[in-house]
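Protein chains: 2
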Amino acid sequence: MALDKVLAQIDADLDGSLERLFDLLRIKSISTNPAFRDDCARAAHWLVAQLSGIGFDASVRETAGHPMVVAHAKARQADAPHVLFYGHYDVQPVDPLSLWHSDPFAPHMVEEGGDKRIVARGAADDKGQLMTFVEACRAFMNHGGLPCHVTILFEGEEECGSPSMPAFLAANKDELRADVALVCDTNMWNRNTPAITTMLRGLVLEEVVIDAASRDLHSGLFGGAAINPIRVLTRILSDLHDDNGAVALPGFYEGVEELPADVAAQWRALDFSESDFLGEVGLSVPAGEKGRSVLEHVWSRPTCDVNGIIGGYTGEGTKTVLPARASAKVSFRLVGEQEPHKILESFHAFVRARLPADCKATFVSHGASAAISLPFDSSYLQKARGALSREWGVEAVMAGGGGSIPVIGNFKRDLGMDALMIGFGLDDDRIHSPNEKYELKSFHKGTRSWARVLDALAH
Amino acid sequence: MALDKVLAQIDADLDGSLERLFDLLRIKSISTNPAFRDDCARAAHWLVAQLSGIGFDASVRETAGHPMVVAHAKARQADAPHVLFYGHYDVQPVDPLSLWHSDPFAPHMVEEGGDKRIVARGAADDKGQLMTFVEACRAFMNHGGLPCHVTILFEGEEECGSPSMPAFLAANKDELRADVALVCDTNMWNRNTPAITTMLRGLVLEEVVIDAASRDLHSGLFGGAAINPIRVLTRILSDLHDDNGAVALPGFYEGVEELPADVAAQWRALDFSESDFLGEVGLSVPAGEKGRSVLEHVWSRPTCDVNGIIGGYTGEGTKTVLPARASAKVSFRLVGEQEPHKILESFHAFVRARLPADCKATFVSHGASAAISLPFDSSYLQKARGALSREWGVEAVMAGGGGSIPVIGNFKRDLGMDALMIGFGLDDDRIHSPNEKYELKSFHKGTRSWARVLDALAH
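Protein chains in written order, with our numbering: chain A, 1 to 459; chain B, 1 to 459.
With the rest of the complex left out, here is chain A (with noise of 0.2 Å):
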C-alpha cells in the first residue's frame, strides 16, 4: 500500500526533514519591521527553491509588501480532488530579546522531560507548521506522486494583517481556486489528541495616537496647566471596558450569537481546566466577561485588548517630562456576524467623545477581519477527522481557535472555498513570546498525519 511506504519514507528521512527546516528558521522574515524586509524575500525565494526541488511548478510573485510563494503539482489521478494548502514564512518580532536563552535565529534541539523541542522563533508560527505538509508532499513525490492535485500558497504577511493578500486572490482566483483550503497554523487539543479547529476570532488592528501640546513640556512649569495625552489616553483606554469583563463600546455585541446548545454542550464534555490554563502562566481568575467559561473567552466570545502603550519618558530613571503625545495599539476579536467596519467606527466615535480640548486623535489601520466558521457537515472535515484519528490513536476534537488567521475569510469570501485548519501546534509553545518552541513529536507526527489527511481525501 502506496500510503505506509509514504509513512516509512517520512520516518526514514527525518532527520534531512529537520536539517531544511532549520535552514528555514535560520532567516529572520520578521514581516512587521521594514529592517527585514530582505529576510522576508529571502525567506520566499528559499521555499521556492525547496518547491521546484521536488516537483512543483513554484515561483515567487511580488506584491506591495512582502513576496507571495505560489506552487502547483498534479496529482497521479486527473480525477483526484484540488487542495490548496496555506501557511505563513513570515513571524513575530523577537522583543524582549533580554528574555530568550539562545539566540531566536539559532535553531536548536532541547531535551525537556524526555520530549525533544526545536527552540527559534517561528519553530511553531509558522515554519514548523507549513513544512509538515511540504515534507509529506515530498514522501508522496518519492513514491509515485501526490494523491491530490495540490497548489500551495505561502505569505510573508500574515503577523501583520495579510495586507496584500485580498488584491493577490482577486488578482488570482483562477489559479488558487480548489475544492477545498488545508491550512497548518492551529494548535492540537493536548500533546496527545490532534483537533481541526471549525472556528475562527476575527481581528481588528487599531493604533490610536493623542497629541496635545506641540513640544514636550517641562512639567514643573506646565504641570497642571497643561493636558496631559497620556493621562487623556489612559481615560479613554480604561473606558473601553465595564465593571463586569465586558468591552464597553457601543454596538459591540451586535452579531454574537450565544453557542449553539450541542457545541456547548461538547466544549462541557472537553477534558478542560480553566485552573489548569490559566495556572500555566501564573494566573489563577479569568478576566473577561463574568459568568462565562475560559473557553468561550477565548473561542467564542468577542475581545478589546490593549497590545502596546507608549508615552513620555520610558528610559532609566526619571524625566519630569510633560509629553506632547501617547499613543496605543488595541486590538479587537470578533466572532459570529460582527462587522470589522461597523466595530472601527465605533471605536474611532468612542475616542473622538472622550477628546478634551486642545487634543487631536489619528488611527492607524494595521487590519480587519471578520470572524469565520466551518460547517459542522463537510466531508472533508470527516474524512480528515479520521485520518488524524487514525495517526494519533484517538478522535480528534473539533475545536474552536481564540487567534485569527484572516486569509481564512478571503478564501470563503472571495474563492467559495472553505478551510480545514488542521495544526500540530501545543498552547504552551510560546508562539510570539520569548523561547518559542515545536514539539519534534508535533513536527514528525504532523507531517505523518499530512499524508495520511491527503490520502484520505482522494478516496
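A hint or two may mislead.
It does not matter which identical chain is used: a pair holds within one copy or between any two.
Unchecked claim - Below, computed lysine to any residue pairings styled on SDA-like, alpha-carbon distance capped at 20 Å:
#, residue 1, residue 2
1, K360, S275
2, K360, E280
3, K74, N244
4, K28, E62
5, K28, E316
6, K116, D414
7, K5, R76
8, K290, R235
9, K360, F36
10, K74, A106
In case anyone wonders, no lab produced these hints; they're calculated from the structure.
Position chain B against the provided structure of chain A, taking the given hints into account.
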C-alpha cells in the same frame, strides 16, 4: 568704582566666557542614565579646573552617585557676608533625538528675530545659568577680589532627584553653611523683566510596575481570559484625577492652604496672559483644577502627572501580544505643608486598592521633597531685588515657581539657610525638550546681574 570695572570686564570677555560655556555644554552629563556616568565625572573635573584657575580652592567630592564640586574663596574684607552658590552640572536625557535640529551636545549660536541664542542640551538648565555666576566671580577675581566670601556647590544629580545630597550636606554641614544660599536655576518674568522666585513646589517621583502573567501571551490564545496589566494600569491612572481636574488621592490636599490675599493680589496685577502662555505650546484651555487661574495651577497648587508609560509591543507595526508587565512614571508637585511620605503612602494604597486578582504592584522611588518658600521680609531678598532692578531697568518680580529644586529644602531644614532663587531662563527655553536654548542676553546680563547682586549683598 570697582563694580563698574567688573561690569566692563564682563562685557569685554563675553566671547571668552562663551567659549568656556561651550566646552562645558559639549560634555554629555546625563545623570539619569548610567551609560553617561563617566561624562558626569568629566563635567565635575572640568568645573574644578575652571574654579581653581580663577583662585578658588576647589575639589571633586565623590558620592555614591555622581560627584559633587565644592569650592571656596575669601572676600576682600574679612567681615563680608558669606554666600553659598548652588548649581547643577547634570542635564536631562535628549530623547526624542529625532526632534532636535542639531546635535544636542554640539553647542552653537543661532540668530532668530534679532536675538542670539545658545542651542544645546543644558544651555539653560543649568550649565548656562551656573556659568553666569562663575564668570561674575572671574571678573571680580581679576579686579581685586570678591565682595562676599563665596562657597560654591555644584551637584550632578539634580535631574534624578538629588539622591546623594542629604547625606553629603549632613556630612559637610560646617564647610557648607553660609549666611544665605544663591541658586541660579529659575526663570525671568519675561525677556526684559528679572524675577526672584520665592516659592517652589516639592516633588515626589514614583514609578509603578504592574505584573500579571508569568510571560507575554498571545492575545488570540489568551485574550479575554488572561488579565492584561495595561488595562489594570490605565484604569488606576485614569482614577488619579476627578472630573474637575483635582487629584483624587485620599488626603492629597491636606496641608494645602489658599494663597494669602496680598500675594494673590500681586499675582493678579502681573502682566500675564493665560492664552499666550498656553498658546505658545499649541494649547488653549487650562487643564488643571477648574475655577483656578493658570498661575495658581503652575505656582501654588499641587498636581499629579504621568511622565511616562510603557507596556506591550511599541515598535513599528503590530504584535498581538498580551503583555506580562506595564509600568508608569508618576510625579506629584507639592505645595505648602503637604508631606511627601504621606503622599507616597496614599499613592501606594490607592494602587493596591485597585489591583485585581493575579496582579502585583511594585514601586520604585526616584525622590521626594517638600515645597519651600522664602520670607518676603528677608534683607537679602530686598538687596538682591534692588541689584536686579538696576541691571534690567525694571522692578524685579517676586514670583512663584512650578519646578522643584529639592536641595533648597535641604538648605533650609539641614543648614538653616534661606535661598535666593535668581535665574535668567525664559519660559520658551525648551528645557527638558528638544532644541533647548539659552538667550545670549540671559547669559551676558545674567553674569552682570550676579556681579551687582554680590556687590549689593556686601553693602
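We went through each hint and held it up to the structure:
no.: 1; hint: K360 with S275; result: between (43 Å within a copy, 19 Å between copies)
no.: 2; hint: K360 with E280; result: between (41 Å within a copy, 17 Å between copies)
no.: 3; hint: K74 with N244; result: neither (54 Å within a copy, 71 Å between copies)
no.: 4; hint: K28 with E62; result: within (19 Å within a copy, 47 Å between copies)
no.: 5; hint: K28 with E316; result: between (29 Å within a copy, 16 Å between copies)
no.: 6; hint: K116 with D414; result: neither (41 Å within a copy, 65 Å between copies)
no.: 7; hint: K5 with R76; result: within (16 Å within a copy, 105 Å between copies)
no.: 8; hint: K290 with R235; result: between (22 Å within a copy, 18 Å between copies)
no.: 9; hint: K360 with F36; result: neither (32 Å within a copy, 36 Å between copies)
no.: 10; hint: K74 with A106; result: neither (35 Å within a copy, 67 Å between copies)
In summary, the numbered hints that this structure violates are 3, 6, 9, 10.
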